[in-house]
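So you can see what is in the structure, the chains are spelled out below.
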Amino acid sequence: MIETRKLCKHYGGLKAVDGISFKVEPGEVLGFLGPNGAGKSTTMKMIAGFLTPTSGTATVCGFDVQEHPIAAKRLMGYLPEGAPSYGEMSVAGFLEFIADVRGLAGEERRRRIDDAVGRLSLSGVMAQTIDTLSKGFRRRVGLAQAIVHDPKVLVLDEPTDGLDPNQKHEVRALIQAMSRDKTIIVSTHILEEVHAVCSRAIIIAGGKVLADDTPQGLEARSRYHQAVSLSTANPKDAQELLARISDVSAVEIDPQDGRVTAFPRKGKPIFDAVTAALRQANFQFSEIALEQGRLDEVFRQITQTERNAAMAKKKEAA
Amino acid sequence: MSTSAGNLTRVLMRRELKSYFATPVAYVFIVIFLVLAGAFTFYLGGFYQRGQADLLPFFNFHPWLYLFLIPAIAMRLWAEERKSGSIELLLTLPVTMWQAVLGKFLAAWAFVGIALALTFPIWITVNYLGDPDNGAILAGYFGSFLMAGAFLAVGSCLSASTRNQVVAFILTVVICFALLLAGWPLVLDMFRGFGFPQAVIDAIAGLSFITHFSAISKGVIDLRDLLYFVLMIGFWLYASAVVIDLKKAD
Numbered sequence: 056m057i058e059t060r061k062l063c064k065h066y067g068g069l070k071a072v073d074g075i076s077f078k079v080e081p082g083e084v085l086g087f088l089g090p091n092g093a094g095k096s097t098t099m100k101m102i103a104g105f106l107t108p109t110s111g112t113a114t115v116c117g118f119d120v121q122e123h124p125i126a127a128k129r130l131m132g133y134l135p136e137g138a139p140s141y142g143e144m145s146v147a148g149f150l151e152f153i154a155d156v157r158g159l160a161g162e163e164r165r166r167r168i169d170d171a172v173g174r175l176s177l178s179g180v181m182a183q184t185i186d187t188l189s190k191g192f193r194r195r196v197g198l199a200q201a202i203v204h205d206p207k208v209l210v211l212d213e214p215t216d217g218l219d220p221n222q223k224h225e226v227r228a229l230i231q232a233m234s235r236d237k238t239i240i241v242s243t244h245i246l247e248e249v250h251a252v253c254s255r256a257i258i259i260a261g262g263k264v265l266a267d268d269t270p271q272g273l274e275a276r277s278r279y280h281q282a283v284s285l286s287t288a289n290p291k292d293a294q295e296l297l298a299r300i301s302d303v304s305a306v307e308i309d310p311q312d313g314r315v316t317a318f319p320r321k322g323k324p325i326f327d328a329v330t331a332a333l334r335q336a337n338f339q340f341s342e343i344a345l346e347q348g349r350l351d352e353v354f355r356q357i358t359q360t361e362r363n364a365a366m367a368k369k370k371e372a373a
Numbered sequence: 056m057s058t059s060a061g062n063l064t065r066v067l068m069r070r071e072l073k074s075y076f077a078t079p080v081a082y083v084f085i086v087i088f089l090v091l092a093g094a095f096t097f098y099l100g101g102f103y104q105r106g107q108a109d110l111l112p113f114f115n116f117h118p119w120l121y122l123f124l125i126p127a128i129a130m131r132l133w134a135e136e137r138k139s140g141s142i143e144l145l146l147t148l149p150v151t152m153w154q155a156v157l158g159k160f161l162a163a164w165a166f167v168g169i170a171l172a173l174t175f176p177i178w179i180t181v182n183y184l185g186d187p188d189n190g191a192i193l194a195g196y197f198g199s200f201l202m203a204g205a206f207l208a209v210g211s212c213l214s215a216s217t218r219n220q221v222v223a224f225i226l227t228v229v230i231c232f233a234l235l236l237a238g239w240p241l242v243l244d245m246f247r248g249f250g251f252p253q254a255v256i257d258a259i260a261g262l263s264f265i266t267h268f269s270a271i272s273k274g275v276i277d278l279r280d281l282l283y284f285v286l287m288i289g290f291w292l293y294a295s296a297v298v299i300d301l302k303k304a305d
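Those protein sequences? They're chains A and B, same order as listed. This note's numbering numbers the first residue of the first sequence as 56 and each following residue consecutively. This note's numbering numbers the first residue of the second sequence as 56 and each following residue consecutively.
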């Protein structure tokens, strides 16, 4: 379990993290979303015990990270931003070092290292020095290091950054496989990742939590949630036809690919009405889809509202 | 899961020491150290001309040898961790700050110890040529090793204060130079010239590496000299821990 209470980190006048509170239970994978500089990494560094909070607390499985740092760190696996490691060491040497620090010994040490190596497909590079590895491999070494002691809590700062699509897929599968009995926090700026691995997502910007919801809940905030889109040869006619449906609030034509999207009034399902109208008019279309909502749009909407508000505040102060 | 504190320090030390030998830096350092130690002893020290079977000309140059060579070892201790970001990994492992500082320091100290031990041919030489006081020589080695530890502790602290190894090197040389000079008659005479009371002059001389080292190198092991080096190492390592804690975020 991870819990933060009013966590703050100030650098002089800059509030990098400004009162972040949340709680993550075992079995949950929490996605940390936010624009660059939002305070994601700073928050994770405080949970991992690297940075000292200006105020507020972070606890890991009941241990306050500041008051009982060793107990908290024992239970935690942490992948720092950029997956730093000791470049002059071999992969095998590095993982053995981490296992030693983690207090693993004998048969268990060998088994745990083999397990981490297997899960991240590192067996082919064990003898290589880390400096000579590609970015993707280095990231996987960082992940192996974080899971070698089978921790109860995992804090992963951008675990899939720099990986190719296949490796991304593997790492996401790994996170999901581990999520059953662990508490996991993952930061990312890849929104599709939220769908792939997270059971809950927090959007932060300007050091504050702006949204805390399931991926589905976030999508439901999108204008596109429950919207119906279709491809057709005459988009203008489709627009006219669909605009007449009472629960449709607006119909837009994408200027790039000519796709027509009908937006519902809030909370009104329109799919049946739209298909009925199309059938009645015997309208020709090549394909039709019910939209789930677009996370990137929700993300932009939430984080930019915050930015605009902050800018307005600044103007007021000036 | 029950790793004792000393055990963890040893794990960290072993990793650090291995990393010295993973690059040519260690070998280059040892060769330069041995060549310079030999050159100083035989040419500047007049080892043969003195006609005495002792290693004083050898030990007398150690402070000046260390002045440039030890900062080169110490500069990477923390600056490199900061630069590569591995400090974040190290300090989020279940180790205390003290274990991390001590583990890294002991690795560097052991490394200098290895270099120092490799000067043994000079000990064989002096035993071959004459009948030296081997107890005094042993004391000299011990004192030299202690002094190296003090130099390293200063370097550890200054390495922690920056992510730039060159800056760490220069700062360490400057501070160590000041600590050496404090016992130099020239400097003490200058303070005397300013009219400082003898107590202040003694205090300044008391801070110097040279004052304490020269006694040990002659074979006189005084508890106060030992205490001086131990306290010096302790103080600078403590300062290292404080500096790392303050500056780890930058």
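These are computed hints drawn from the structure, not numbers from a lab. Be a bit skeptical, because a hint or two may be false.
Said to hold, decoys possible - Distance condition first, Cα-Cα at most 16 Å in a straight line; then the derived EDC-like pairs of lysine to aspartate or glutamate:
id, chain 1, residue 1, chain 2, residue 2
1, A, Lys190, A, Glu151
2, B, Lys138, A, Asp302
3, A, Lys237, A, Asp205
4, B, Lys73, A, Asp155
5, B, Lys73, A, Glu151
6, A, Lys61, A, Asp186
7, A, Lys291, A, Asp309
8, A, Lys190, A, Asp267
9, B, Lys303, B, Glu135
10, B, Lys73, A, Glu143
11, B, Lys138, A, Asp186
12, B, Lys303, A, Glu136
13, B, Lys138, A, Asp219
14, A, Lys207, A, Asp236
15, A, Lys321, A, Asp302
Unchecked claim - Computed spacing ranges between beta-carbons, pair by pair:
id, chain 1, residue 1, chain 2, residue 2, range
16, B, Val297, A, Gly322, 41 to 47 Å
17, A, Glu122, B, Arg69, 54 to 60 Å
18, A, Gln183, B, Arg69, 19 to 25 Å
19, A, Gln231, B, Leu91, 56 to 62 Å
20, A, Gly173, B, Leu282, 51 to 57 Å
21, A, Gln183, B, Gly168, 52 to 58 Å
22, A, Gly68, B, Arg247, 47 to 53 Å
23, B, Leu89, A, Ser176, 41 to 47 Å
24, B, Asp257, A, Tyr66, 43 to 49 Å
25, A, Gly68, B, Val297, 23 to 29 Å
26, A, Gln183, B, Val83, 20 to 26 Å
27, A, Gly173, B, Leu99, 58 to 64 Å
Unchecked claim - Residues on chain B that point at chain A, a partial pick, calculated with CB under 7 Å:
id, residue
28, Val66
29, Pro112
30, Leu146
31, Pro149
Where is the CB? At the ideal position from N, CA and C, for every residue including glycine.
The hints, checked one at a time:
no., hint, in the structure
1, Lys190(A) <-> Glu151(A), "21 Å, violated"
2, Lys138(B) <-> Asp302(A), "59 Å, violated"
3, Lys237(A) <-> Asp205(A), "9 Å, holds"
4, Lys73(B) <-> Asp155(A), "15 Å, holds"
5, Lys73(B) <-> Glu151(A), "13 Å, holds"
6, Lys61(A) <-> Asp186(A), "39 Å, violated"
7, Lys291(A) <-> Asp309(A), "11 Å, holds"
8, Lys190(A) <-> Asp267(A), "32 Å, violated"
9, Lys303(B) <-> Glu135(B), "12 Å, holds"
10, Lys73(B) <-> Glu143(A), "10 Å, holds"
11, Lys138(B) <-> Asp186(A), "14 Å, holds"
12, Lys303(B) <-> Glu136(A), "15 Å, holds"
13, Lys138(B) <-> Asp219(A), "26 Å, violated"
14, Lys207(A) <-> Asp236(A), "7 Å, holds"
15, Lys321(A) <-> Asp302(A), "9 Å, holds"
16, Val297(B) <-> Gly322(A): 41 to 47 Å, "59 Å, violated"
17, Glu122(A) <-> Arg69(B): 54 to 60 Å, "30 Å, violated"
18, Gln183(A) <-> Arg69(B): 19 to 25 Å, "21 Å, holds"
19, Gln231(A) <-> Leu91(B): 56 to 62 Å, "59 Å, holds"
20, Gly173(A) <-> Leu282(B): 51 to 57 Å, "54 Å, holds"
21, Gln183(A) <-> Gly168(B): 52 to 58 Å, "31 Å, violated"
22, Gly68(A) <-> Arg247(B): 47 to 53 Å, "50 Å, holds"
23, Leu89(B) <-> Ser176(A): 41 to 47 Å, "45 Å, holds"
24, Asp257(B) <-> Tyr66(A): 43 to 49 Å, "45 Å, holds"
25, Gly68(A) <-> Val297(B): 23 to 29 Å, "25 Å, holds"
26, Gln183(A) <-> Val83(B): 20 to 26 Å, "24 Å, holds"
27, Gly173(A) <-> Leu99(B): 58 to 64 Å, "60 Å, holds"
28, Val66, "5 Å, holds"
29, Pro112, "37 Å, violated"
30, Leu146, "6 Å, holds"
31, Pro149, "4 Å, holds"
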